[in-house]
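Between the sequences and the hints, there should be enough to build the whole structure, so can you do that?
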Amino acid sequence: MTSLAAKIEAVLFVATKPMTVKQLANVCNVVVDDAAGAVEEITALRNGDSSGVHLVEGEEGVMLVTNPAFAETVANLAKEDIEPELTRPSLETLTIVAYRGPITKPEIETIRGVNCSLILRNLMMRGLVDEREDVIKLQPVYNLTNDAMRYLGLHTVQELPDYAELHGNAKIDKLLAALASTDAV
Amino acid sequence: MVGYVTISDMSFAVEQEGFSGPLALLLELIGEQKLEITKVSLAKVADEFLKYIDEHDVPSDELADFLLVASRLIYLKSRELMPYLKIDEEDAAAAKLEDQLRLYQEFVAAAAKLEERYLVHAMYRRPFVRQRSIPAGFVPAKNVSTASLLEAFRVVLKRLEPFFALQETSMERTKSVEERMDELKTAIASRANLRFRDVITSAGSKVEIVVSFLALLELLRRKHITATQEHHEADIVLQHVDPESV
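Chains as they are written, first to last, in my numbering: chain C, 1 to 185; chain U, 1 to 246.
Some hints here could point you the wrong way.
Label-pair distances were calculated between CB atoms; the ranges are [to be verified]:
| id | chain 1 | residue 1 | chain 2 | residue 2 | range |
| --- | --- | --- | --- | --- | --- |
| 1 | U | A95 | C | V27 | 31 to 39 Å |
| 2 | U | A95 | C | F13 | 52 to 60 Å |
| 3 | C | E40 | U | P140 | 57 to 65 Å |
| 4 | U | A112 | C | L77 | 25 to 33 Å |
| 5 | U | G31 | C | R126 | 26 to 34 Å |
| 6 | U | R159 | C | E72 | 39 to 47 Å |
| 7 | U | T201 | C | D162 | 55 to 63 Å |
| 8 | C | M125 | U | F163 | 43 to 51 Å |
| 9 | U | Q229 | C | A177 | 45 to 53 Å |
| 10 | C | A164 | U | R102 | 17 to 25 Å |
| 11 | C | K171 | U | K86 | 20 to 28 Å |
| 12 | C | G52 | U | R102 | 58 to 66 Å |
| 13 | C | E85 | U | G31 | 23 to 31 Å |
| 14 | U | G204 | C | A164 | 51 to 59 Å |
Reference excerpt, derived from the structure (chain C facing chain U, CB under 7 Å, subset only) [claimed, not checked]:
| id | residue |
| --- | --- |
| 15 | A71 |
| 16 | A78 |
| 17 | N115 |
| 18 | V157 |
| 19 | P161 |
Treat the hints as calculated values from the structure; they're not laboratory data. C-beta: ideal position from N, C-alpha, C; glycine also.
Structure, rendered in structure tokens:
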């Protein structure tokens, strides 16, 4: 491991929340590209069977977590207050956010065909979904939190089954745009 | 009536879990009859969809969404019965219902896969807690300034714009029905009688014709005017009712 990668790993170990690559670069006094390279290096080294610690990279940034293979062993010790129950509407909404995030509320509602305000608020309160202001769309967009990724055993959202099929599908983009225009009438 | 029994069974589960929306109901209805998602199959389940809305308490915040889907189903069904009936805007919207349902179905399938993963191979992190007591007092964040407050308020206003626009149009419409009623009442009162045809031709736009018609119906209901027709296809004559003669 390069010394920068080792340094970043140390920073992540004491970090009290997910760190963005930009924040890591600031802390370590290096340019963003170097920090990104170092994160990649840690990922390649850690995210395998032979490491107890893995790296999760999501919209909120990067964080260190335990190897998913040891979930059972670690679960008792970690004693996290996770309510495992997710209702069908919540699960559907979470799925749409996972595959299509960052996504606006009208887009989610177009896919589900129903108002999703309450469900989104509930998912946010439970720390599964995060809201941020989109500078261009001038409205909030929603994405999966790093915690939700941990619960799903995902190092990145790209690990979701059929992610490319549902995320980058031009047909879906076109349909969403068309549906949004009819609903506006 | 097998389908009906299954729907009521499902509603029990739905009540416990919370509604999944009109598309979930549609998928269920089509799935029960083992149909593919097509315009024809959508038209087929229209009645059952309406029956469901009728017999169950759909939450008020979701009712509009259910009714929107219902209106498209009714359109598809009426097209089956009267193929020559075609409204371009409605046709496009109804055609999209089919695509929308297919898209929704894909995400329902994805949700099932997500559920299988949920909390099965969870990864744990160190608890992100650091005990540091913050002294009580007024501690504004560094980025709070009059300029940033102004900017934040502008963003809020900008986001509210669509709502303001929405309210204005709906208020305008209500007002014009009332206005049109007054106009028509004065017009009918000022002369012996008025032909329905004149009312329609005096209306400027399609919306105004509808508004005029609604206004006339309301005036009839309130018994301010009467409408008579000599024979079929003759002009409908509207007459003012003198309140003292009633």
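Going through the hints against the structure:
1. At roughly 54 Å, the beta-carbon separation of A95 of chain U and V27 of chain C lies outside the given 31 to 39 Å, and the hint is violated.
2. Separation of A95 of chain U from F13 of chain C is about 55 Å and conforms to the stated range, judged on CB atoms against 52 to 60 Å.
3. Take E40 of chain C and P140 of chain U: their Cβ atoms lie about 39 Å apart, and the range 57 to 65 Å is violated.
4. Checked against the given bound of 25 to 33 Å, the beta carbons of A112 of chain U and L77 of chain C, roughly 31 Å apart, stay inside it.
5. Between G31 of chain U and R126 of chain C the beta carbons are some 30 Å apart, a value that agrees with the proposed interval 26 to 34 Å.
6. R159 of chain U and E72 of chain C have their C-beta atoms about 46 Å apart, which keeps the hinted 39 to 47 Å range intact.
7. A hinted range of 55 to 63 Å holds for the C-beta pair T201 of chain U and D162 of chain C, which are about 60 Å apart.
8. Against the hinted window of 43 to 51 Å, the Cβ-Cβ separation of M125 of chain C and F163 of chain U comes to about 24 Å, which falls outside the hint.
9. For the hinted restraint 45 to 53 Å between Q229 of chain U and A177 of chain C, the CB-CB distance of approximately 49 Å keeps it satisfied.
10. As the Cβ distance of A164 of chain C to R102 of chain U is approximately 19 Å, the hint placing it in 17 to 25 Å holds.
11. The given range of 20 to 28 Å is respected by K171 of chain C and K86 of chain U, whose C-beta atoms sit roughly 26 Å from each other.
12. Separated by about 44 Å at the C-beta atoms, G52 of chain C and R102 of chain U break the suggested range of 58 to 66 Å.
13. Evaluation of the 23 to 31 Å hint for E85 of chain C and G31 of chain U yields a pass: the beta carbon distance comes to about 25 Å.
14. Taking the beta carbon of each, G204 of chain U and A164 of chain C are about 53 Å apart, inside 51 to 59 Å as hinted.
15. Proximity of A71 of chain C to chain U holds as hinted, the smallest CB-CB distance being about 5 Å (cut-off 7 Å).
16. Proximity of A78 of chain C to chain U holds as hinted, the smallest CB-CB distance being about 4 Å (cut-off 7 Å).
17. Look at N115 of chain C: its Cβ gets to within about 5 Å of chain U, closer than 7 Å, so that hint holds up.
18. At about 11 Å, the closest approach between the beta carbon of V157 of chain C and any beta carbon in chain U exceeds 7 Å, and the interface hint on this residue is violated.
19. With its C-beta approaching chain U no nearer than about 5 Å, P161 of chain C sits inside the 7 Å limit, and its interface hint holds.
Checked against the numbered hints listed earlier, the structure breaks hints 1, 3, 8, 12, 18; every other hint is satisfied.
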